[in-house]
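Residue numbers (the working numbering), protein chains in the order written: chain A, 298 to 666; chain B, 298 to 666.
The hints are simulated quantities; they were obtained by calculation from the structure and are not laboratory data.
Be careful, since some hints might not be right.
Same chains, same names: a pair is fine if it fits in one copy or spans any two.
[Unchecked claim] In silico DSS-like pairs for lysine-lysine, Cα to Cα no more than 27 Å straight-line:
{"#": "1", "residue 1": "LYS427", "residue 2": "LYS412"}
{"#": "2", "residue 1": "LYS396", "residue 2": "LYS382"}
{"#": "3", "residue 1": "LYS512", "residue 2": "LYS382"}
{"#": "4", "residue 1": "LYS639", "residue 2": "LYS663"}
There are 2 protein chains.
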Amino acid sequence: MQSFNPPVRTLMGPGPSDVHPRVLQAMARPTIGHLDPAFISMMDETKEALQYAYQTENELTMPVSAPGSAGMETCFANLVEPGDKVIVCINGVFGNRMKENVTRLGGEAVIVEDKWGEAVSADKLEQALKENPDTIIVAFVHAETSTGAQSDAKKLCAIAHKYDCITIVDAVTSLAGTELRVDEWEIDAIYSGTQKCLSAPPGISPISFSERAIKKLTNRKTPVTSWFLDLNLVMGYWGKGAKRTYHHTAPVNTLYGLHESLVMLSEEGLENAWARHKANHQLLKSGLESLDIGFLVKEQDRLPQLNSVFIPEGVDDAAIRSTLLNDYNLEIGAGLGTLAGKVWRIGLMGYSARRENVLLCVSALKEIL
Amino acid sequence: MQSFNPPVRTLMGPGPSDVHPRVLQAMARPTIGHLDPAFISMMDETKEALQYAYQTENELTMPVSAPGSAGMETCFANLVEPGDKVIVCINGVFGNRMKENVTRLGGEAVIVEDKWGEAVSADKLEQALKENPDTIIVAFVHAETSTGAQSDAKKLCAIAHKYDCITIVDAVTSLAGTELRVDEWEIDAIYSGTQKCLSAPPGISPISFSERAIKKLTNRKTPVTSWFLDLNLVMGYWGKGAKRTYHHTAPVNTLYGLHESLVMLSEEGLENAWARHKANHQLLKSGLESLDIGFLVKEQDRLPQLNSVFIPEGVDDAAIRSTLLNDYNLEIGAGLGTLAGKVWRIGLMGYSARRENVLLCVSALKEIL
Chain A
298 MQSFNPPVRT LMGPGPSDVH PRVLQAMARP TIGHLDPAFI SMMDETKEAL
348 QYAYQTENEL TMPVSAPGSA GMETCFANLV EPGDKVIVCI NGVFGNRMKE
398 NVTRLGGEAV IVEDKWGEAV SADKLEQALK ENPDTIIVAF VHAETSTGAQ
448 SDAKKLCAIA HKYDCITIVD AVTSLAGTEL RVDEWEIDAI YSGTQKCLSA
498 PPGISPISFS ERAIKKLTNR KTPVTSWFLD LNLVMGYWGK GAKRTYHHTA
548 PVNTLYGLHE SLVMLSEEGL ENAWARHKAN HQLLKSGLES LDIGFLVKEQ
598 DRLPQLNSVF IPEGVDDAAI RSTLLNDYNL EIGAGLGTLA GKVWRIGLMG
648 YSARRENVLL CVSALKEIL
Chain B
298 MQSFNPPVRT LMGPGPSDVH PRVLQAMARP TIGHLDPAFI SMMDETKEAL
348 QYAYQTENEL TMPVSAPGSA GMETCFANLV EPGDKVIVCI NGVFGNRMKE
398 NVTRLGGEAV IVEDKWGEAV SADKLEQALK ENPDTIIVAF VHAETSTGAQ
448 SDAKKLCAIA HKYDCITIVD AVTSLAGTEL RVDEWEIDAI YSGTQKCLSA
498 PPGISPISFS ERAIKKLTNR KTPVTSWFLD LNLVMGYWGK GAKRTYHHTA
548 PVNTLYGLHE SLVMLSEEGL ENAWARHKAN HQLLKSGLES LDIGFLVKEQ
598 DRLPQLNSVF IPEGVDDAAI RSTLLNDYNL EIGAGLGTLA GKVWRIGLMG
648 YSARRENVLL CVSALKEIL
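Only chain A is shown next, with the shape it has when bound in the complex (with noise of 0.2 Å):
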């Protein structure tokens, strides 16, 4: 057995993406404790830096330590109650996903359902919700990272409080890629990850509740079934003042890197982070139609830094992303599901937003097509 040496490779599929080796370095520094002064004045930091990216003032934003997925079930095992019903929009992988933890939760999920590669229809929402006026949470993926759709967060949540409802929100493709303000777009609970556009190693996920899901979270009549992700308890350690109680070892050096990629975001700002996502969506965007490559997402709902696109004819998906990968050390993503072998996803995250890569990545697929 070996030390290993991974490739470098150039990363755009759908996350990981390229990290920065300034969030690379950070990664590396010696581990200290996880009740250390300094460390807790790091997770004050990195806590005040979450709430820039989210654009919110929600008290209760915190990297939760385990990847996406557990910032999903995060939300939704300290939100639903056995019998709760919950609307989830389903339009790709994700919302599956949801619809998996609500009912693993003993709650009762209504679907309501779109094509994948479409943004989440804001009329079959309201629909839904006069057809089951007992419903309590509204849940719905603002970035489909299996299609590269984006859902119009702020019109779904105006809805869902229309009737009275609490939103959880999947924005594990948008932070820091593409418009999100969670205080004006109103959204109570979200998760997001760090491997996207934050361009941090993966395995953490920072989340945010608003008041209103602090609320229903305080009023459960049940325990939370998960003891490691119970947010009681993990407030302790998480929360604020000095003094914090041990809760669980937090994933110290990985939160190096997400608070070294925080100071990243905040020298480039998040509206300039968000513009060079787009610009660099566009110069791909151009160099694909000139191979005659076409997206799976109509323009209007097309996120920039997911990028769906249609497989040509005749051309074989696995042998193509074989050879990138062997020949350019260039990764791009497969389809997922009922897109599978239809379309490739090219990821434009975080520091993979690059004119560099859109150029690799343009040119490479130019020479083996």
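Here the structure of chain A is known, so what remains is to put chain B in place on it, guided by the hints.
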């Protein structure tokens, strides 16, 4: 907001332990995709090396993508169904946490209690099994991190099996620090952490399931409540063969760190690592005895890697730990629960179990007491 440069500490608390520079460097290697063939090879090596560390041939041996508490929850959430009777042996904080897991999952917990600082009593366990013939699972902590007591896992498992129960064992602090033989001792489900005697950064929990445990999982009548921890799904990604199904995004860089720490373990040899922990414990013991500092746990049940020692009369617990941290950059641990203010916990785990650390700790205590 500025980059975080942690102070350089010597970590002699209950974990995280000091991380070797080779492991820190591994964390900083370029991130690659979680489905990259190069990454999958590394995953396979990691699984094999964990089998070695656990002394098992269990095929289901893998790292859970979250800290030790999530490893605990993985075992309980997959094996306990509502109504299952589970005997939980409690002799410290982590036995209590096991009970919390059982009851939140709808299981019925029967408690076998021993004093904090003592080993789990085999007689009491057998008595409880006689009184509760419908028990399905026996759970106990091999190495109680809150007290430094070690229990006879082999004997406890033999008793459990005599009554047709499967066993769940907490090895967070024992793995790679003290003798542990999963197959020979017939442990059915076991979990640990990376931040103790493996000296990898925190955030990962290695687990192993025997055939007997897998049978219980396969025969479940209800789905696992946690989608994130459901091993039926997780094994689609971590299982055998070249084809891996995406479940969640693995914590790529933290796994680099774990892999490197396992390379170092294979270089040293498992039994040599056990012996090193023991030798440094002896050295610490002599040093502390010269300062009239005594141990909480009686000699035969003492863990070499976690030393709970009585705080001398009239000494200010927090002030001393603070001085050690600020003036010597040395972290030792506080007492937990009922032992708060009464003991210190001095860890000698993994890369922290070095002669120079023992000498520093003893001489620093000598100076300030």
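Hints breached by this structure: none
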